[in-house]
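Protein chains in written order, with my numbering: chain H, 1 to 283; chain E, 1001 to 1283.
Keep in mind that the hints were calculated from the coordinates and are not lab data.
In this text the structure is predicted, and so the values were computed from the model without any measurement.
Note that CB positions come from ideal geometry on N, CA and C, so glycine has one too.
Heads up, a few of these hints could be off.
Claimed, not checked - With beta-carbon atoms standing in for the labels, derived distance ranges:
| # | chain 1 | residue 1 | chain 2 | residue 2 | range |
| --- | --- | --- | --- | --- | --- |
| 1 | H | Arg19 | E | Asn1172 | 44 to 50 Å |
| 2 | E | Asn1172 | H | Glu114 | 34 to 40 Å |
| 3 | H | Asn6 | E | Gln1035 | 40 to 46 Å |
| 4 | H | Thr225 | E | Ser1104 | 27 to 33 Å |
| 5 | H | Ala228 | E | Ser1104 | 23 to 29 Å |
| 6 | E | Asn1172 | H | Val100 | 31 to 37 Å |
| 7 | H | Gly269 | E | Ser1104 | 44 to 50 Å |
| 8 | E | Ser1219 | H | Glu114 | 43 to 49 Å |
| 9 | E | Ala1094 | H | Val194 | 34 to 40 Å |
| 10 | H | Gly111 | E | Val1194 | 45 to 51 Å |
| 11 | H | Cys96 | E | Gln1208 | 39 to 45 Å |
There are 2 protein chains.
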Amino acid sequence: MDIVQNPTDIQQCAGERRRSGQTIGLVPTMGALHQGHLSLVAAARAACDFVITTIFVNPKQFGPGEDFEDYPRTMESDLDLCRAAGSDLVFTPAVCDMYVPGSSTTVEVAGITEILEGQSRPTHFDGVTTLVAKLFNMTLPDRAYFGQKDYQQQMIIRRMVSDLNWHVEIINCPTVREPDGLAMSSRNRYLSPVERDQALILNRVLEQADQLAAAGQMSPQEIQTGMAETLRNAEGIEPDYAVVVESESLQPMEKNFGCAVALLAARVGRTRLIDNRILTFAE
Amino acid sequence: MDIVQNPTDIQQCAGERRRSGQTIGLVPTMGALHQGHLSLVAAARAACDFVITTIFVNPKQFGPGEDFEDYPRTMESDLDLCRAAGSDLVFTPAVCDMYVPGSSTTVEVAGITEILEGQSRPTHFDGVTTLVAKLFNMTLPDRAYFGQKDYQQQMIIRRMVSDLNWHVEIINCPTVREPDGLAMSSRNRYLSPVERDQALILNRVLEQADQLAAAGQMSPQEIQTGMAETLRNAEGIEPDYAVVVESESLQPMEKNFGCAVALLAARVGRTRLIDNRILTFAE
C-alpha cells in the first residue's frame, strides 16, 4: 500500500492508473477510522481496480469553537486498517499543501446546506464541498464512497457533482452500527460510559419513527413531533433537530408517502452526534 | 467538425479522445466570434490533438440590466469560423441543459473577484467560474485557452484552477486588435461610427502608460492618475476604472518595478469596453 502526502504526487499516481485503464475508487475520510469507514473501503475494493483512501482532518469544515484541534488523530492504526481493508493508496496531505497561502476558492451549494447541520454549523458544508471538489480533481475517481450516516453531506455532494458535472458515481454505504444500535462515529470515543448509554436513544427514536411510518397511521409531521418530544424528555440529551423530510431535498414533505428520511442531531454531554434513517411510509 | 449540444455527449466524446491518448484543448467562448477568439482556436490547434470550442452565452455571468438578451448571437457564422480555424468539435449547449432546475452550486473565488470588474458587475465572476468549472469537468482538457483581453477573468480562473487542483494548463493568448488599435470585442459591434472612433482612446491611454513605465520616470500611482485623467477628459468616454496594479493579485503595487498591468474599463456611449496592457517598469 502506497502512502502519498503530496497533492501533485496523488494527481500523478491516479493519472497513471487511469491512463492504464484502471477504475479508481475514492474513499474520503478524516481518519480516526472505524468499521463504518472500513465498509466504504471494502465496497470500493469490491468494485474498483485502484482504491484511494484519503485521511485529512479538514480545518475548513470545522467552525470556531468546534473540535478541530481535539479531533482524534490515529494515523498509525488508520494506515494498518486501510491496508487490511484493501486500500491500494492512502493520501495523507498536510494542511499547508491542501490550502496554500492565497487560496481563496470555495465551492458552495446553496439551499440544502443552510438547513439542519448547516444551521448549527454555518461554514461546515462549504468546507466539505471545497475539499471534496479538490479530491475529485486530484484523483478523478470513477466512484466515490460516502456513508449514509452523514446523510445531508452526501445529498449535498450529489447535488454538487450533478451541478458541476464531475463524471463520478457517488456510492452510498449503509450506516454501520455498534451491536446495541449506536451509529459508529469517530466522536463516540468522546462519550463517558454514562453518555454512551444515554446516546442509545438516538437510534431508538429512529427505529420507532421507522415503525410508525411503516404502520401508516401517522403523518411525517406527527412522527417528527414525537421524535422531538422523546429526545427532549431523554436524560442527558440536548436535541438540536429531529425532522422527517423529503429524502433528496431535505424539505418538509408535502405528501405522506414516497421517500422520506428521519434526521436528528443532539448533544450527549458535550459530544454532538447525528443519525438518520430512511423511512418508507405505507401508502 | 462535430457539433454537440448535450453535456452528457460532450463528456463522452472528450472521454473517448482522452482514453485514446489524445490531448484536449478547450476554447470557451460566448460566440459572436472574432479574430481574438480564432487566435485561441489556432493556438489550441497548434498544441493539442483535439480542439473543443464551446459557444454558450452564459446567463449567470450577466447581471440584471446587462445585455444578456441582446448579446450578439451569430451561431451560423461562428460554426463556419470554428471549422476554418481548425476546431474539431463545437459544444453549443442549451441554457436548460447547463443549468438544470434545482441546480444550486457556485464556484466562488474571493478577493480578486470583488475589485475592478467585480465592483461594477458583482455576480459576474461567480457566473464565469461556475461555468468554466463545469466545462473543465465535462471535457477534462489538458490546456484551456483564454484571451488576455479579459485579464482579470484569466487571473481568477488561474486562481480557481490552482485552488481546486484541476489538472489543466491555462494558456494566455495576446489581445488581438483592429489595425487602429481597438481591442477586438464582440461588443464593438454596438458602437456607432462616432463611438468607434472615440473608443480608440482606450488603447492610446494604455500605450502611453506602457511608454511611461518603460521610461522609468513615473510611479505606478502617477501613471494611474494620468490614465484616469486622460479618460475623464476624453470626448464620449465615461471611465469606470483605470489602474496600474500588481499583475497577479491585481492589488496596488508596493514597489515601482516588477510585473504590473494597466487595466481600464469605460463606457463609450452605452457600450462598456475593457482593455489592458502588461507594463514593464524600468528599474
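### Query
Failing hints, ascending?
Numbers 1, 6, 7 and 9, in rising order.
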